[in-house]
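J.: First to last, the sequence lines map onto chains A and B. Residue 86 in numbering that gives the first Met the number 0 sits at position 87 of the first sequence, with consecutive numbering throughout. Residue 184 in numbering that gives the first Met the number 0 sits at position 185 of the second sequence, with consecutive numbering throughout.
Calculated from the structure, these hints are not laboratory results. No experiment lies behind these values; they were computed from the predicted model shown. One should not assume that every hint holds.
Over the 10 Å line for every Cβ pair with chain A, so calculated as not near, a few chain B residues [what the hints assert, rightly or not]: (1) Glu121; (2) Ser168; (3) Glu177; (4) Thr212; (5) Ser267; (6) Ser270; (7) Asp385; (8) Val410.
Label pairs and their computed distance ranges (CB to CB) [stated by the list, open to error]: (9) Gln85/A - Glu93/B: 36 to 42 Å; (10) Glu93/B - Arg111/A: 41 to 47 Å; (11) Ser289/B - Asn83/A: 56 to 62 Å.
Here a beta-carbon is modelled for each residue, glycine too, at the ideal position from N, C-alpha and C.
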Amino acid sequence: MKTILVIDDEQYLRELYEAELTQEGFNVLLAKDGFEGISLCEQNDPDLVIVDIRMPGMDGLETISRLLNINRKRPILIHSAYPNYQDNFMSWNADDFVVKSGDLTELKQKVRTFLSV
Amino acid sequence: MRMDTTQSTLLRNTLTLILAGGQGERLYPLTKDRSKPSVPFAGSFRIIDFTLSNCINSGLRHIFVLSQYKSQSLNRHIREGWSLLHRDLGEFIETVPPQHRTHSRWYEGTADAIYQNVYLLEQMRPERVLILSGDHIYRMNYGDMIDFHVRKNADVTISSFEYPRQDSSPFGVMQVNEDDQILDFVEKPADPPPIPGKPDRSLVNMGVYVFNTPTLVRAVIEDAKSANTKYDIGKNIIPRLIEQEKTRIFSYQFTQQDPHPYWRDVGSIHSYYQASMALLDGHAPINLFSDAWPFRTDSFSLPPSVFHVSSFKAGQIQESMVANGCVIEGELVRCIISPEVRVGEGSHLEGCIVFNRTRIGKNCKIQNTIIDKHVSIPDNTVIGYDAESDRKQFLVSDGQITVIPKNMEVV
């Protein structure tokens, strides 16, 4: 079973991700900020990471740099409500950028593509 | 320097990154305590002064020097010699060591050096990036190349040097069409592709690149994540961009601005020595005395050099360059002498390059030798006449050039 790590500061969103991705047959790990996400990543070596950008403390862009420091080949998807971050060069470190909405259809589609499932 | 407004705008929107991290192993022991760009050259200069002077003379004012190995000497040189721009005007020359932002390793190649500094590009948001090597000797107006890049609507432009085809194999060689668009790029080809219309000439890569910033950022990120990469712009980034076919890559021929262009990678003891000695020719390939294109360096307050000729025949200094603060009592023939060197009475130096503050005693005979800083050579020493004997104390290169390392007290 493929493992996905989700890093997002909004609790209701984490719950939504967990419910929907579990239903898709993935093992889901949840982190509320960049620090927790990096720690979980080091411990569990997930197959893919979904990261929010605007989070208190370490933001998503910094988190992505650190995640790449652990493993440059692991796919990282940005899921953010702020499309203007797509112009930020640091966001290009991620493999894809999905603009947040209440609907996770596009995100789940990208996850399946990156994990070839 | 006159510039039209358009070029001035182009230069303002260009960020220059000088890659100065090379270890310079083939220049050892000159690189024992310093990086290759900070090896002294031409008496008063260091190798990187040529690239930095080219930048300033071209009108570029936003310059980062990416340093790495043994960078203290380079950092000090930049700080003491090149703090001539003002941050208040948005202008700077700054050294950037590896920040370990993206990973806790050193720069693993030229592409990785850029990758680790993508955050700088995000902060500066330049329209384009000029990438230079800090260890080449040449005189080049980068403004003309940037003009060419914009005129061609290029994503990437690589400066190329026309070279005899049969001698081009050690370089990266590009194949171009009549419009200078690069069709293929091969590192160290056994059979270098010729220039259209010039079957015995090839275009070699000078390590001078202009990239549109988004193209560069995408390329270095992709490279960082790919398998089997050497993280090298020439070896990996350019061939991959050519393969992808959607990038417009052009060759800027250096001969466009100089019909007799000169460009040298002084990467080995032999090439360093040859490039140095070429400066002593009547028609030196690079003019250090031009008002229009001055080469500058750090300068200390030193007295003029003095030549004592009383105990010798006149004319004992032939075809030599001598920096300030030297006391020369012996003979110099085809020598390059850095500041504050002493050469004792009765000594004869021929084909020698002597770095700062070295002391050479009386009645020495030295030829074809590079002597690093702070070396002390006692009276009556003979060096450079018997390679076997020299090898007991010093490195003697394949080209039979003896090299005496920094701080050595010769016995």
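J.: It remains to establish, for every hint, whether it holds in the given structure.
T.: Here is how each hint holds up against the structure:
1. With a least beta-carbon separation of about 4 Å from chain A, Glu121/B fails to lie farther than 10 Å from that chain, contradicting its non-interface assignment.
2. The claim that Ser168/B lies off the interface holds: its Cβ sits roughly 33 Å from the closest Cβ of chain A, which is beyond the 10 Å cut-off.
3. The beta carbon of Glu177/B sits about 35 Å from the closest Cβ of chain A, which is more than 10 Å, so the claim that it is off the interface holds.
4. Thr212/B, annotated as away from the interface, has a beta carbon of chain A within 10 Å; the closest lies near 8 Å.
5. At roughly 34 Å, the least C-beta separation between Ser267/B and chain A is larger than 10 Å, which holds for a residue marked as non-interface.
6. With 10 Å as the threshold on Cβ separation, the claim that Ser270/B sits away from chain A holds: the shortest Cβ distance comes to roughly 36 Å.
7. Listed as outside the interface, Asp385/B is consistent with that label: its C-beta sits roughly 54 Å from the nearest C-beta of chain A, beyond the 10 Å cut-off.
8. Against the 10 Å criterion, Val410/B stays outside the reach of chain A, whose nearest CB is about 50 Å from its own CB.
9. Separated by about 29 Å at the C-beta atoms, Gln85/A and Glu93/B break the suggested range of 36 to 42 Å.
10. In this structure the hint that Glu93/B and Arg111/A lie 41 to 47 Å apart at CB holds, the actual value being about 45 Å.
11. One distance hint, 56 to 62 Å for the beta-carbon pair Ser289/B and Asn83/A, is violated here, with the actual separation near 48 Å.
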